[in-house]
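Heads up: the protein sequence lines correspond to chains D and A, in order. Following the working numbering, the numbering of the first sequence begins with 1 at its first residue and continues without gaps. Following the working numbering, the numbering of the second sequence begins with 1 at its first residue and continues without gaps.
If you're looking for bench data, these hints aren't it; they were derived computationally from the structure. It is possible that part of the hints are untrue.
Computed far set for chain D versus chain A, every beta-carbon distance over 12 angstroms [stated by the list, open to error]:
id, residue
1, L11
2, G41
3, L49
4, S69
5, R72
6, Y76
7, Q81
8, G83
9, D84
10, E100
11, T103
12, G107
Simulated pairs of lysine-lysine, DSSO-like, Cα-Cα distance not exceeding 30 angstroms [what the hints assert, rightly or not]:
id, chain 1, residue 1, chain 2, residue 2
13, A, K14, A, K57
14, A, K14, D, K1
15, A, K57, D, K1
16, D, K42, A, K57
17, D, K1, D, K68
18, A, K71, A, K11
19, A, K57, D, K68
20, A, K71, D, K1
21, D, K1, D, K42
22, A, K11, A, K57
23, A, K57, A, K71
24, A, K71, D, K42
DEER-style ranges, computed between Cβ atoms [claimed, not checked]:
id, chain 1, residue 1, chain 2, residue 2, range
25, A, E106, D, D67, 16 to 26 angstroms
26, A, N30, D, P8, 17 to 27 angstroms
27, A, L39, D, V13, 19 to 29 angstroms
28, A, Q80, D, P114, 40 to 50 angstroms
29, D, D39, A, P8, 16 to 26 angstroms
30, D, P8, A, A53, 36 to 46 angstroms
Note that the Cβ used here is the ideal one computed from N, Cα and C, for glycine as well.
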Amino acid sequence: KQEVTQIPAALSVPEGENLVLNCSFTDSAIYNLQWFRQDPGKGLTSLLLIQSSQREQTSGRLNASLDKSSGRSTLYIAASQPGDSATYLCAVIISNFGNEKLTFGTGTRLTIIP
Amino acid sequence: DTGVSQDPRHKITKRGQNVTFRCDPISEHNRLYWYRQTLGQGPEFLTYFQNEAQLEKSRLLSDRFSAERPKGSFSTLEIQRTEQGDSAMYLCASSHYASWRSFANEQFFGPGTRLTVL
């Protein structure tokens with residue numbers, strides 16, 4: 001059974017700093033890895049999707065990397081801003097006969113201190 | 001069509017009552033997924049549809065839960081005889097699935113329906 005772990009569970013950093021969020025998964029036979037952002041009481045916003053054949057994806061100040069062999073992904077946020085405060089979730093897909101269900105980690109709650 | 005929508009956004013009910021939630025996916029998406037998220041946890045898969053066919057149900061989906069997607073467009077999730085343990089955020093996601101692709105497809109989520117069972 002695929003398990004996804006995110007450490008730390010919570011992180012506080014001063015505004016302007018660069019930071020890294022970590023995600024690990026137990027089964028390396030994944031198709032995709034997605035990073036999401038979730039604001040309190042809200043739904044999920046997709047940030048980046050990395051296909052299994054890719055090693056990284058970038059969008060603005062965000063960069064996500066994927067190392068399938070070690071079962072790890074990182075989300076790098078550059079020049080953090082208070083608006084980046086949210087919970088960040090990673091999720092993987094193992095395509096089981098076409099069912100592309102996402103298996104999520106428990107998330108990292110990020111607080112950017114002004 | 002600007003994204004996945006869900007209705008209602010919040011539902012408070014008494015234990016034992018039935019509730020129904022609706023999800024409207026992105027219009028050209030043929031796949032629709034339901035997930036449940038409890039406080040402090042990541043979402044967990046419940047069930048999914050391809051067009052109108054329900055192709056898989058998680059063991060989390062007890063017989064009190066039923067989901068439909070009658071015309072391959074919107075979907076409903078009904079919970080009968082609600083219990084306090086059903087209190088959670090119910091999330092819907094959609095994607096465009098193409099079997100010929102060698103990679104999985106990005107899922108887009110709605111805002112969720114927060115259920116509170118008193």
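Checklist line | Numbers of unmet hints, in rising order | finding: 2, 3, 10, 11, 12, 14, 20, 26
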